[in-house]
Amino acid sequence: MADPLGPTFLRWARRWLDEASVAHIVEPMVADARHERATHTGSPRLLVTLRWRAAFLATFALGAGRGFARPASWAPLRSLAFPILLFVGIEALLELLTSWIGYPASTRAAPLLLVPGIVTSALPLAVLPTVMRLMSDHRWRPWQARTAAVLIGACAMAITVPMNGWVAPAANQQFRIHAAQALGYPQPPARGAHELMLSELFAERPPAPSIVSPRQLQEERHLRSSVLLAPVSLAVLGAALARLGLARRVWHTVAAWALVAQSWTVWISLGVWMAAMIAPPLSASDPYCAIPDVGRFAAWTPHVMLLGTAVLCHRVASAREVATS
Amino acid sequence: MKHTLPRLSAKERLILEHLADGGELFGLQLVERSDGGLKRGTVYVTLGRMQEKGYVESRQEPLPPGAIGLPRRLYRLSAYGRRVLDAWRLAEAALARAHPQEA
Numbered sequence: 001m002a003d004p005l006g007p008t009f010l011r012w013a014r015r016w017l018d019e020a021s022v023a024h025i026v027e028p029m030v031a032d033a034r035h036e037r038a039t040h041t042g043s044p045r046l047l048v049t050l051r052w053r054a055a056f057l058a059t060f061a062l063g064a065g066r067g068f069a070r071p072a073s074w075a076p077l078r079s080l081a082f083p084i085l086l087f088v089g090i091e092a093l094l095e096l097l098t099s100w101i102g103y104p105a106s107t108r109a110a111p112l113l114l115v116p117g118i119v120t121s122a123l124p125l126a127v128l129p130t131v132m133r134l135m136s137d138h139r140w141r142p143w144q145a146r147t148a149a150v151l152i153g154a155c156a157m158a159i160t161v162p163m164n165g166w167v168a169p170a171a172n173q174q175f176r177i178h179a180a181q182a183l184g185y186p187q188p189p190a191r192g193a194h195e196l197m198l199s200e201l202f203a204e205r206p207p208a209p210s211i212v213s214p215r216q217l218q219e220e221r222h223l224r225s226s227v228l229l230a231p232v233s234l235a236v237l238g239a240a241l242a243r244l245g246l247a248r249r250v251w252h253t254v255a256a257w258a259l260v261a262q263s264w265t266v267w268i269s270l271g272v273w274m275a276a277m278i279a280p281p282l283s284a285s286d287p288y289c290a291i292p293d294v295g296r297f298a299a300w301t302p303h304v305m306l307l308g309t310a311v312l313c314h315r316v317a318s319a320r321e322v323a324t325s
Numbered sequence: 001m002k003h004t005l006p007r008l009s010a011k012e013r014l015i016l017e018h019l020a021d022g023g024e025l026f027g028l029q030l031v032e033r034s035d036g037g038l039k040r041g042t043v044y045v046t047l048g049r050m051q052e053k054g055y056v057e058s059r060q061e062p063l064p065p066g067a068i069g070l071p072r073r074l075y076r077l078s079a080y081g082r083r084v085l086d087a088w089r090l091a092e093a094a095l096a097r098a099h100p101q102e103a
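So the sequence lines, in the order shown, correspond to chains A and B.
Per the numbering used here: the first sequence = residues 1 to 325.
Per the numbering used here: the second sequence = residues 1 to 103.
These aren't lab readings, by the way, just hints derived from the structure by calculation.
Keep in mind that a hint or two might mislead.
Pair by pair, the computed Cβ-Cβ distance ranges are [to be verified]: (1) D21(B) x G245(A): 51 to 59 Å; (2) P71(B) x A158(A): 39 to 47 Å; (3) T4(B) x A182(A): 36 to 44 Å; (4) L47(A) x T4(B): 38 to 46 Å; (5) G36(B) x E321(A): 53 to 61 Å; (6) T39(A) x G36(B): 46 to 54 Å; (7) P71(B) x E321(A): 38 to 46 Å; (8) D21(B) x R51(A): 22 to 30 Å; (9) L5(B) x L57(A): 31 to 39 Å; (10) R82(B) x L57(A): 29 to 37 Å.
Per the computed footprint, the stretches of chain A lying under chain B, defined by three or more beta-carbons under 8 Å from a beta-carbon of chain B, are [as the list claims (entries may be wrong)]: (11) 44 to 57; (12) 228 to 236.
With a straight-line Cα cutoff of 25 Å, these simulated SDA-like cross-link-like pairs (lysine to any residue) come out [as the list claims (entries may be wrong)]: (13) K53(B) x V48(A); (14) K11(B) x R53(A); (15) K53(B) x S43(A); (16) K39(B) x V48(A); (17) K39(B) x V22(A); (18) K53(B) x R14(A); (19) K39(B) x W264(A); (20) K53(B) x A20(A); (21) K39(B) x E321(A); (22) K39(B) x V161(A); (23) K53(B) x L90(B); (24) K39(B) x A319(A); (25) K39(B) x P7(A); (26) K11(B) x L62(A); (27) K39(B) x L93(A); (28) K11(B) x F60(A); (29) K39(B) x H40(A); (30) K39(B) x T8(A); (31) K39(B) x R72(B); (32) K39(B) x R37(A); (33) K53(B) x A58(A); (34) K39(B) x R14(A); (35) K11(B) x K53(B); (36) K53(B) x R51(A); (37) K39(B) x L47(A); (38) K11(B) x V22(A); (39) K11(B) x A91(B); (40) K53(B) x R37(A).
For each residue, glycine too, the CB sits at the ideal point set by N, CA and C.
Build out the structure end to end from the sequences listed, making use of the hints.
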């Protein structure tokens, strides 16, 4: 006897869709497909099978866009749009405001900074409330929420890498050129650390023409690559706080951001202090000269500590779940 | 109270016409009777949406004793669906009378 048609489609639907969509769309379709293949007399059996396989794909594509828009498990996606849009709006305002304060004569070039600015800072920050909201929404099954949280963190990182590594530096330099022209400088400005591409940061010497010292190059390298970890560490932290029940109120979100902000401030200072303790400066005029890895401490410590906090929260939540069960 | 004519896509209209003529039908039968007007890949999603709107009703085909497998689903026109179809037919007839050259 031939294999029944559509087991994968059925399995996918039962895993991801609500009961109504499975009962009223997917199961009747698969049942008709199996019936036609079992009773066909005209066209070859292979043709019937292929025709139905194409139909499963078409239903999947059509349903993902329209027909399956009702499943209970997908509905929370709409609620996730709010924190993301809020951050994009705030970030756009901040970028416009800061560029206007910095270079009032060149505000027409400010949109150059908008998109990379929004993506590199607002997107990782929006991951935190998004994951908190997602994980505390009971319409998602636990494994669905976990999968979605991982995907959100991974997607945010995948977008942040090219933006942070190449698009933002290029936009920064274009903005500086516009600003220099507007302010009447004859020469276009040389590139600073923020205007170097991610690949250039890993060179032994700063690329010419630039005004970056080897130490700045090293610090920027650590800073830029550590920021790429931010979406993941914030997603893990958001999930941990939600498991502890600390993601149900607006103030929970505000408190989580405060935790992140203070972590970055405290741990950066602590990282620099620790580096200084490990390798005391040789010269009072340049405390960095004897501690070439100070940038590494300052850049990576807050992320590592945030991840550590998140892992700790997950352990506490797991212990609490075991105790209550 | 303001009443508007319920929205009806071309595919939904075709399904209602076939169910009005044929009584209770399977999704596959609708595809076969439409002569290419309905496709296997779209008819079930459309039927699901029409069921939510209340245009059609459905029931599972009873399986013979001892049979295993997925039961097929039979669709029929609901009373509301029949009224919607009648309303659309009336509206089209009225439009055809007003502009006979476009009918």
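A quick look at each hint next to the structure:
1. Look at D21(B) against G245(A): about 58 Å separates their beta carbons, and that is inside 51 to 59 Å.
2. Our hint of 39 to 47 Å for P71(B) and A158(A) holds, since their Cβ atoms are close to 44 Å apart.
3. Checked against the given bound of 36 to 44 Å, the beta carbons of T4(B) and A182(A), roughly 56 Å apart, lie outside it.
4. Hint check: L47(A) to T4(B), Cβ distance near 44 Å, so the stated range 38 to 46 Å holds.
5. Range check, G36(B) to E321(A): about 56 Å between beta-carbon atoms, so the 53 to 61 Å window is met.
6. Remark: the range hint 46 to 54 Å for T39(A) to G36(B) is contradicted by a beta-carbon distance near 21 Å.
7. Between P71(B) and E321(A) the beta carbon distance is about 39 Å. The supplied range of 38 to 46 Å therefore holds.
8. Checking the proposed 22 to 30 Å range against D21(B) and R51(A) shows it holds: the Cβ atoms sit about 25 Å from each other.
9. A beta carbon spacing of about 34 Å between L5(B) and L57(A) agrees with the range 31 to 39 Å that was offered as a hint.
10. At about 34 Å, the CB distance of R82(B) to L57(A) agrees with the hint of 29 to 37 Å.
11. Residues of the stretch 44 to 57 of chain A with a Cβ under 8 Å from some Cβ of chain B number 6, which satisfies the need for three, so the listed coverage holds.
12. Counting residues of the stretch 228 to 236 of chain A whose CB lies closer than 8 Å to any CB of chain B gives 0, so the stated coverage by that chain is violated, three being the minimum.
13. With a C-alpha separation of about 31 Å, the suggested pairing of K53(B) with V48(A) is violated against the 25 Å cut-off.
14. Taking the CA atoms of K11(B) and R53(A), the gap is about 22 Å. The hint holds against a cut of 25 Å.
15. For the proposed pair K53(B) and S43(A), the alpha carbon gap of about 36 Å is over 25 Å, so the pair is violated.
16. The hinted pair formed by K39(B) and V48(A) meets the criterion: a straight-line CA distance of about 13 Å does not exceed 25 Å.
17. Among the hinted pairs, K39(B) with V22(A) is consistent with the structure: their alpha-carbon atoms are about 19 Å apart, no more than 25 Å.
18. A distance of roughly 23 Å separates the Cα atoms of K53(B) and R14(A); the hinted pair therefore holds under the 25 Å criterion.
19. A distance of roughly 57 Å separates the Cα atoms of K39(B) and W264(A); the hinted pair therefore is violated under the 25 Å criterion.
20. Using a Cα cut-off of 25 Å, the hinted pair K53(B) and A20(A) holds, with the two alpha carbons roughly 14 Å apart.
21. Among the hinted pairs, K39(B) with E321(A) is inconsistent with the structure: their alpha-carbon atoms are about 49 Å apart, more than 25 Å.
22. Note on K39(B) and V161(A): the hinted pairing is violated, with a Cα-Cα distance of about 43 Å set against a maximum of 25 Å.
23. This hinted pair checks out: K53(B) and L90(B) have alpha carbons roughly 20 Å apart, not beyond 25 Å.
24. At roughly 53 Å between alpha-carbon atoms, K39(B) and A319(A) are farther apart than 25 Å, so this suggested pair is violated.
25. A C-alpha spacing of about 21 Å is found between K39(B) and P7(A), which places the hinted pair at or below 25 Å, so the restraint holds.
26. Proposed proximity of K11(B) and L62(A) is supported: the alpha carbons are some 14 Å apart, at most 25 Å.
27. Taking the CA atoms of K39(B) and L93(A), the gap is about 49 Å. The hint is violated against a cut of 25 Å.
28. Among the hinted pairs, K11(B) with F60(A) is consistent with the structure: their alpha-carbon atoms are about 18 Å apart, no more than 25 Å.
29. Of the pairs offered as hints, the one joining K39(B) and H40(A) holds, with about 17 Å between alpha carbons and a cut-off of 25 Å not exceeded.
30. A distance of roughly 21 Å separates the Cα atoms of K39(B) and T8(A); the hinted pair therefore holds under the 25 Å criterion.
31. Taken as a hint, the K39(B) and R72(B) pair is honoured in the structure, with Cα atoms around 17 Å apart against an allowance of 25 Å.
32. In summary, the hint linking K39(B) to R37(A) is supported, as the alpha carbons are separated by about 16 Å, within the 25 Å threshold.
33. With a CA separation close to 22 Å, the supplied pair K53(B) and A58(A) stays within the 25 Å bound.
34. The hinted pair formed by K39(B) and R14(A) meets the criterion: a straight-line CA distance of about 23 Å does not exceed 25 Å.
35. Pair hint K11(B) plus K53(B) holds up; C-alpha atoms about 14 Å apart against a cutoff of 25 Å.
36. Our distance criterion of 25 Å between C-alpha atoms is broken by K53(B) and R51(A), whose separation comes to about 29 Å.
37. Taking the CA atoms of K39(B) and L47(A), the gap is near 15 Å; set against the 25 Å cutoff, the hint holds.
38. A C-alpha spacing of about 21 Å is found between K11(B) and V22(A), which places the hinted pair at or below 25 Å, so the restraint holds.
39. A hinted pair counts as satisfied when its Cα atoms are at most 25 Å apart, and K11(B) with A91(B) qualifies at roughly 18 Å.
40. A hinted pair counts as satisfied when its Cα atoms are at most 25 Å apart, and K53(B) with R37(A) does not qualify at roughly 31 Å.
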